[in-house]
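Chemist: Just so you know, the sequences run in chain order A and B.
Using UniProt numbering, you'd call the opening residue of the first sequence number 1 and step up by one each time.
Using UniProt numbering, you'd call the opening residue of the second sequence number 1 and step up by one each time.
Treat the hints with care, since some could be wrong.
Listed next, the stretches of chain A that the computed footprint assigns to chain B, with coverage defined by at least 3 CB atoms under 8 Å from CB atoms of chain B [claimed, not checked]:
| # | segment |
| --- | --- |
| 1 | 146-158 |
| 2 | 186-193 |
In silico DSSO-like pairs for lysine-lysine, Cα to Cα no more than 27 Å straight-line [to be verified]:
| # | chain 1 | residue 1 | chain 2 | residue 2 |
| --- | --- | --- | --- | --- |
| 3 | B | LYS21 | A | LYS189 |
| 4 | B | LYS61 | B | LYS43 |
| 5 | A | LYS99 | A | LYS174 |
| 6 | A | LYS170 | A | LYS33 |
| 7 | A | LYS162 | A | LYS174 |
| 8 | A | LYS174 | B | LYS21 |
| 9 | A | LYS103 | A | LYS169 |
| 10 | A | LYS169 | A | LYS126 |
| 11 | B | LYS43 | A | LYS162 |
| 12 | B | LYS43 | B | LYS54 |
| 13 | A | LYS194 | B | LYS21 |
| 14 | A | LYS169 | A | LYS99 |
To give an idea of the interface, some chain B residues facing chain A are shown, with a C-beta separation under 8 Å as derived from the structure [unchecked claim]:
| # | residue |
| --- | --- |
| 15 | ALA15 |
| 16 | THR16 |
| 17 | ALA17 |
| 18 | GLY18 |
| 19 | ARG35 |
It should be emphasised that the hints constitute simulated quantities derived from the structure, not laboratory data.
As the structure is a computational prediction, the values presented were derived from the model and not from experiment.
Glycine residues also receive a C-beta, built at the ideal position from the N, C-alpha and C atoms.
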Amino acid sequence: MAEVIVVTSGKGGVGKTTTSAAFATGLAQNGKKTVVIDFDVGLRNLDLIMGVERRVVFDIVNVINGEARLNQALIRDKRVDTLSILPASQTRDKDALTKEGVKTIIDELAQDFDYILCDSPAGIEKGALLALYFADQAIIVTNPEVSSVRDSDRILGVLQSKSHRAEEKKDPVKEHLLVTRYDPSRVEKGEMLKLEDIREILAIPLLGVIPESESVLKASNTGNPVILDDASNAGGAYADAVARFLGQDRPHRFIDPEKKGFLSRLFGGRAA
Amino acid sequence: MSWIDIFRGNRKPPATAGAAKERLQIVLAHERISRTGEDFLPKLQKDLLEVIAKYVAIDAKAVNVSLDRGGDMSTLAIEVELPGPKVGEPPRRAAS
Numbered sequence: 001m002a003e004v005i006v007v008t009s010g011k012g013g014v015g016k017t018t019t020s021a022a023f024a025t026g027l028a029q030n031g032k033k034t035v036v037i038d039f040d041v042g043l044r045n046l047d048l049i050m051g052v053e054r055r056v057v058f059d060i061v062n063v064i065n066g067e068a069r070l071n072q073a074l075i076r077d078k079r080v081d082t083l084s085i086l087p088a089s090q091t092r093d094k095d096a097l098t099k100e101g102v103k104t105i106i107d108e109l110a111q112d113f114d115y116i117l118c119d120s121p122a123g124i125e126k127g128a129l130l131a132l133y134f135a136d137q138a139i140i141v142t143n144p145e146v147s148s149v150r151d152s153d154r155i156l157g158v159l160q161s162k163s164h165r166a167e168e169k170k171d172p173v174k175e176h177l178l179v180t181r182y183d184p185s186r187v188e189k190g191e192m193l194k195l196e197d198i199r200e201i202l203a204i205p206l207l208g209v210i211p212e213s214e215s216v217l218k219a220s221n222t223g224n225p226v227i228l229d230d231a232s233n234a235g236g237a238y239a240d241a242v243a244r245f246l247g248q249d250r251p252h253r254f255i256d257p258e259k260k261g262f263l264s265r266l267f268g269g270r271a272a
Numbered sequence: 001m002s003w004i005d006i007f008r009g010n011r012k013p014p015a016t017a018g019a020a021k022e023r024l025q026i027v028l029a030h031e032r033i034s035r036t037g038e039d040f041l042p043k044l045q046k047d048l049l050e051v052i053a054k055y056v057a058i059d060a061k062a063v064n065v066s067l068d069r070g071g072d073m074s075t076l077a078i079e080v081e082l083p084g085p086k087v088g089e090p091p092r093r094a095a096s
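The shape of chain B in the complex, shown without the other chains:
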């Protein structure tokens, strides 16, 4: 602390080192797991689309996969926009 701090009113900035540690621990825990395997999200998205497309007609562009990496828990959200029924298309039948 130097003399000029006295005139600044000696306000203490919030300590940020704790935030640095916490963010690092979370991101590295995830990166260490994924280091061995390949990036699975694109493959997961493709597989999910194929499964869903067996049952409903979907537009591949109307699919959104997002992942929120947390410390105790991560959330995988898959949002699929289903189009309304189209008139005039033959009904789909499950493969026998």
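Looking at chain A on its own, in the form it has when it is part of the complex:
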């Protein structure tokens, strides 16, 4: 039985698409048949972050409208062969998505895949509501910053009241906290919310902490999910988070400031 996972946050720009791309790639690297769906109709970007933008022919709206078959719209990843991408439409608006249409697509995907990742748009409007509606599990992407934490709390409320599982009074959606853009050196200086504070406020289990890293921009520049960058702290942290998600025990890394050598103390260093 396929698991449906939504990657959501409420707030925009916190790293949902970066996370969706990395997480889907990581699950596929672990041998899981994984499909990642872009729900941001009108503002499609997962294709760029995954580096498949030149291979998009049909999209989720074409499938919903019966203009293309699902396997025509799915893009097979060339790096990891158990990974597929279902792009959003760039020309339509969010009203092109319907609950019945999304259900049909997810039911069909559930026959072939182990994990169906839904990359939610920002906000709590139709696209975001449909992205989370069928979820069994949710990854809440949160930055250590007041507006992001507040919006995460809000989206948790939506998950607990407006998801399919909530409406049908089934077991609740399993929630995971993923803190991104964490900068331990700023936390140490008291400039940034501590991991412990975010955990205390949101009170959901911690899946991982992704450190602020220059490699995330490099990854999006080239269209390679950051988890494929072995030298990157952020990539390593995503790989740990995926391993934890699959039940392995991995200690949290990158949550304490790096010990700086004399030269980087003198000139000020930045995280790789």
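For chain A, the structure is supplied; the task is to place chain B on it using the hints.
Modeler: Just chain B now, with coordinates in the frame of chain A:
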């Protein structure tokens, strides 16, 4: 810290993360309560006006309801401006 801080006199900015945590805890405590119910302030204002109007003639525009959400305690302030008695109006009687 880099070398330039030495010339800046190495002043430490005040830590602000604590303020962020405290503000979040207060606002979220209130938002979690109101999440289940509807926004009650407009209804409260309407109900209060109806009650007060039973006893005194008031102008609906001269009513101000404000709420200050705090950590341990919130303050609800209702300010009603009562007009002076108008000469020539028949006296109001309580409904029997």
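Chemist: State for each hint whether it applies.
Modeler: Here is what the structure says about each hint:
Only residues whose C-beta sits within less than 8 Å of a C-beta in chain B count toward coverage, and the segment 146-158 of chain A has 6 of them, enough to reach three; the restraint holds. Against chain B, the segment 186-193 of chain A contributes 6 residues with a C-beta closer than 8 Å to a partner C-beta. That satisfies the three-residue criterion, and the hint holds. Under the criterion of a C-alpha separation no larger than 27 Å, the hint pairing LYS21/B with LYS189/A is consistent with the structure, at around 15 Å. Of the pairs offered as hints, the one joining LYS61/B and LYS43/B holds, with about 15 Å between alpha carbons and a cut-off of 27 Å not exceeded.
Between LYS99/A and LYS174/A the CA atoms are separated by roughly 21 Å; this keeps the pair inside 27 Å, and the hint holds. A threshold of 27 Å between alpha carbons decides the hint, and for LYS170/A with LYS33/A the separation of about 26 Å falls inside it, so the pair holds. Distance check on the hinted pair: LYS162/A and LYS174/A sit about 14 Å apart at the alpha-carbon level, within 27 Å; holds. With a CA separation close to 25 Å, the supplied pair LYS174/A and LYS21/B stays within the 27 Å bound.
Using a Cα cut-off of 27 Å, the hinted pair LYS103/A and LYS169/A holds, with the two alpha carbons roughly 18 Å apart. Taken as a hint, the LYS169/A and LYS126/A pair is honoured in the structure, with Cα atoms around 21 Å apart against an allowance of 27 Å. About 25 Å separates the Cα atoms of LYS43/B and LYS162/A, which keeps this hinted pair within 27 Å; it holds. A threshold of 27 Å between alpha carbons decides the hint, and for LYS43/B with LYS54/B the separation of about 17 Å falls inside it, so the pair holds.
Distance check on the hinted pair: LYS194/A and LYS21/B sit about 9 Å apart at the alpha-carbon level, within 27 Å; holds. Our distance criterion of 27 Å between C-alpha atoms is met by LYS169/A and LYS99/A, whose separation comes to about 18 Å. Interface restraint check: ALA15/B against chain A, minimum CB-CB distance 3 Å, threshold 8 Å, status holds. For the restraint placing THR16/B at the interface with chain A, the shortest Cβ-Cβ distance is roughly 6 Å, inside the 8 Å limit, so the hint holds.
Interface restraint check: ALA17/B against chain A, minimum CB-CB distance 5 Å, threshold 8 Å, status holds. Satisfaction of the interface hint for GLY18/B is found here, the shortest Cβ-Cβ separation to chain A being roughly 7 Å, below the 8 Å cut-off. Satisfaction of the interface hint for ARG35/B is found here, the shortest Cβ-Cβ separation to chain A being roughly 5 Å, below the 8 Å cut-off.
Of the numbered hints listed earlier, not one is contradicted by the structure.
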